[in-house]
Amino acid sequence: MIAAEKWYEYQENYQKYGFDMKPKQPRKKVKKNKNRVTAKDKVRLMALTVVVGVVCIGLIITTAFAASIKYSTNRIIEENNALEAEIENLNVKIYSSNNIEAIEQKAMKELGMTYPSSNQIVYLSKGEKPDKGFAATLKEQAYN
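Numbering (the working numbering), first residue to last: 914 to 1057.
Read the hints as simulated data drawn from the structure, not as lab findings. Every clue listed holds true.
Calculated pairs, EDC-like style, for lysine to aspartate or glutamate (alpha carbon to alpha carbon, straight line, at most 20 Å):
{"hint": "1", "residue 1": "Lys1006", "residue 2": "Glu1023"}
{"hint": "2", "residue 1": "Lys1006", "residue 2": "Glu1017"}
{"hint": "3", "residue 1": "Lys929", "residue 2": "Glu918"}
Label-pair ranges, simulated between beta-carbon atoms:
{"hint": "4", "residue 1": "Gly1040", "residue 2": "Lys1019", "range": "31 to 41 Å"}
{"hint": "5", "residue 1": "Ala998", "residue 2": "Gln1018", "range": "23 to 33 Å"}
{"hint": "6", "residue 1": "Phe1047", "residue 2": "Met1021", "range": "20 to 30 Å"}
{"hint": "7", "residue 1": "Glu991", "residue 2": "Gly966", "range": "29 to 39 Å"}
{"hint": "8", "residue 1": "Arg988", "residue 2": "Asn1011", "range": "31 to 41 Å"}
{"hint": "9", "residue 1": "Ile1000", "residue 2": "Ser1031", "range": "40 to 50 Å"}
{"hint": "10", "residue 1": "Val1035", "residue 2": "Glu992", "range": "47 to 57 Å"}
Just so we're clear, the structure is a prediction, and the values are computed from it rather than from any experiment. Cβ coordinates follow ideal geometry from the N, Cα and C atoms, glycine included.
Could you build the full structure based on these sequences and the hints that come with them?
Now the structure itself:
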């Protein structure tokens, strides 16, 4: 009879618990620890806040420094453009002053120069070379 009782118990356990035939352990209730903020956590949070603050202040200072450099660069560029415009104006004045027509008008109006008459013109050929030099010969002919 013992074998029959074991067989009956075996069948009963099979129906209750399945293939394992062991009673399932009751689930333990997992107690969730409430996240309590400890002093160590508070120190870490404070340190993190200080580090983030220092980084933000560094970014602000860096941005301000970059803005001041950009401002001074723009001022220098504007001054450079003004100087380039002034140089261009001076080059135009130099070109107009070196122009033959401008020189001729200045010589006639301010210095009172005129074109030479036909008897004041001296023609030189290749064979004629003055003994004293060309400048001395011109002076003699001009003052005589």
